[in-house]
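Q: Spelled out, the chains give:
2 protein chains.
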Amino acid sequence: MSLIHDMARAGRAALPALAAATTAQKAEAIRVAAAAIRARSAELLAANAADVAAGQAAGLSAALVDRLALDGARVEGIAAGLDTVAGLTDPVGEVIARWSRPNGLQFERVRVPLGVIGIIYESRPGVTADAAALCLMAGNACLLRGGSEAARSNAVLLDCMAQGLGAAGLPAAAVQMVPAGDRALVGDMLGAHGLIDVIIPRGGKGLVARVQAEAKVPVLAHLDGINHVYVDASADPDQAVAIVVNSKLRRTAVCGAMETLLIDAAAPVALKRRLVAALLDDDCEVRGSAAVQALDARVVAARPEDWDTEYLDAIASVAEVAGVEGAIAHIAAHGSQHTESVVAQDEAVAEHFLARVDAAIVLHNASTQFADGGEFGFGAEIGIATGRLHARGPVALEGLTIFKTIVRGTGQVRP
Amino acid sequence: MSLIHDMARAGRAALPALAAATTAQKAEAIRVAAAAIRARSAELLAANAADVAAGQAAGLSAALVDRLALDGARVEGIAAGLDTVAGLTDPVGEVIARWSRPNGLQFERVRVPLGVIGIIYESRPGVTADAAALCLMAGNACLLRGGSEAARSNAVLLDCMAQGLGAAGLPAAAVQMVPAGDRALVGDMLGAHGLIDVIIPRGGKGLVARVQAEAKVPVLAHLDGINHVYVDASADPDQAVAIVVNSKLRRTAVCGAMETLLIDAAAPVALKRRLVAALLDDDCEVRGSAAVQALDARVVAARPEDWDTEYLDAIASVAEVAGVEGAIAHIAAHGSQHTESVVAQDEAVAEHFLARVDAAIVLHNASTQFADGGEFGFGAEIGIATGRLHARGPVALEGLTIFKTIVRGTGQVRP
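Taken in order, these protein sequences are the chains called A and B.
Position one of the first sequence corresponds to residue 1 (this note's numbering), numbered consecutively onward.
Position one of the second sequence corresponds to residue 1 (this note's numbering), numbered consecutively onward.
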């Protein structure tokens, strides 16, 4: 444990300076890091090429190599992402509530940094810069643990972050990299209760599941995005088709993609057929209940486990349900509290769905693919949380803060 | 695990009905429970007398028997506490943020219940009613695990809560009692990740330490309240003495009590002597640094561990520090992020302290004993949290909620 404990203690020791840092100072650190990434792009690309070569030699899958590999455009994307974070509104110091008491005490609830944040991720080098910048902008220290396959790329990116911290006069321990390769260090991070304030895993389901199962430190994450679109009988047909196709097929591998379409049994048959055909015509496999199979010969039979499956692929489960209550019940049984959408012109139906469905994000007449910090207007996100504590939905700068209460008195003592 | 899992699943199954319950319904359940407690006070007192007799036979300490024992006034206090909770503002449904995006999407962040809350406590029967009512008013289900010494009293109180739930048409599984006696069940609660959303321990340091060390479920709690009052050279002497004496001695056993007094070395000697003498004259033992021993012959020498000790008794550690920076450094080294107070007429000194000290509650010219949900105007509290996630300081109804984001569109799909 001692390495992780030492790193976390160094991070904690940096917290007073980070909490006191001005917005301009934090932004400067991030902008200088972005400039360093641009200036050192040849060095970064060479390190990345060595990572890719080693990965290919070790038999890394093509998908993993794609996540790992950088080119000029991706390097510029990383740098531009940092510039975006540097321009975001600083949440630290914001007064989020103010009240007073009859005895004259004045209360202010003020945002402060969360503390030391552990980020555990896989082979994407961009996460190194992105996560570090978001943590820093909210005044936090971070311990980054990236995949060993990206170690050379990450070392260059970390050094660019260190350049930025140095230029802004902020402590180097604000952004630290946990050595890759030794899996026991991940376990040490997950158990560092009291030293690491929160762990944010960024990666596939296997990583998230391990982190959630083992962590004694609180975790902000989502495991599944089994998202539904419910099309009510009152839906505008064109709107319903557009939302369903976009929710499923705009990008199939994102956590905000629709996995299951729920169609009101009372909807016109023409609408039901159009919805199913639109998916099929766009090369999406449709797995349906018996009623849905009757709509189109191309629909294959859904197995029971399909209703609980996050495909992250051009496959959709489709069921008929008994109106909005049927949809709510289906989502309660099979949803993952991520993102759920209702398409309806009947406002009462829509409001009932929005109120009753338990999920981080509920939408009316809009695509589930808006489940994203950028689309929420947050400028960036460090992940999406489906837990019920602290933050929920896209987590951005505000989710990386907590508050303290300042009480101003004039000599009050308690009777 | 199966008993705790079954109970937690039953609690989760009750969540939709609880989330949909009106304020009036929840208040009715709590008021009927209060009325039942008053109506059945003879039965409750008899059960409690049996608990006390069994506890005394088993050699329970006098302090524990005092916490366990009820009388007519304490029963009325429990019932009146429920009536207070029933009259609090319902946080569920409150819109805490509203914004829109250029594409016309309308966003609302709305408070929703936290979910299933596990409360682990000791011998005070009042916690059964109080915790259940607070959880219920915020729309949550709770699993209560009280000490075995109060089992008979708790059974009557649980039955009164069940009467209230029944009268209001709310599910009985909203308030469940985990059988006392089997310590393994506490471990099961602490490990019920995904089924119990948060654990709130209410009791002594041993209980809190065990819960924090073992829990995989997030915990809202505080372990220590090593609170400081810093008296600056600019302090008003009368105010400083009143605040120091009240902070330490109003009640010594509460977590908001001052444990260490920090005096500005630059303060007038007369003020230093008055502060120390005021504590000593009020029968408070003073353990001081050499400089403080020189102020009054009654001061005993502080050992190094005194600066990290929560006495919860009429004992205070007193040190001289080099101004506000010295105080901030001492608190950073020895504080427990609970409650810290500065007494100063110099506003710049006070604001510097309030900004830089890392604690759930920071006060200016007021007693640390205001660290209490009632004194904050919350009407009640379920505990004080010193962690950095979700809630911090007194946790009341709002701390027992989370939010979801409602997005209203007009057919938007994502480009």
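One thing to keep in mind: the hints can contain errors.
Claimed, not checked - Pulled a few chain B residues facing chain A out of the computed Cβ check, cut under 10 Å: (1) A58; (2) T252; (3) A253; (4) G256; (5) T368; (6) L389; (7) I406.
As the list claims (entries may be wrong) - Reference listing, derived: stretches of chain A covered by chain B, where coverage requires no fewer than 3 residues with Cβ under 8 Å from a Cβ of chain B: (8) 9 to 23; (9) 48 to 61; (10) 106 to 120; (11) 300 to 308; (12) 399 to 411.
To be verified - If you want a taste of the chain A side facing chain B, the calculated C-beta under 8 Å gives, among others: (13) A167; (14) R183; (15) V208; (16) Q212; (17) D282; (18) E285; (19) A332; (20) H334; (21) R392; (22) G393.
Hints were generated in silico from the structure; no laboratory data involved.
Owing to the predicted nature of the structure, the values given are computational and were not obtained by experimental measurement.
The beta-carbon is built from N, C-alpha and C at its ideal position, and this holds for glycine as well.
Q: Determine for every hint whether it applies to the structure shown.
A: Results of checking the hints against the structure:
no., hint, result
1, A58, "33 Å, violated"
2, T252, "13 Å, violated"
3, A253, "14 Å, violated"
4, G256, "9 Å, holds"
5, T368, "9 Å, holds"
6, L389, "5 Å, holds"
7, I406, "5 Å, holds"
8, 9 to 23, "holds (count 4)"
9, 48 to 61, "violated (count 0)"
10, 106 to 120, "holds (count 4)"
11, 300 to 308, "violated (count 0)"
12, 399 to 411, "holds (count 10)"
13, A167, "24 Å, violated"
14, R183, "19 Å, violated"
15, V208, "12 Å, violated"
16, Q212, "7 Å, holds"
17, D282, "13 Å, violated"
18, E285, "21 Å, violated"
19, A332, "7 Å, holds"
20, H334, "14 Å, violated"
21, R392, "5 Å, holds"
22, G393, "5 Å, holds"
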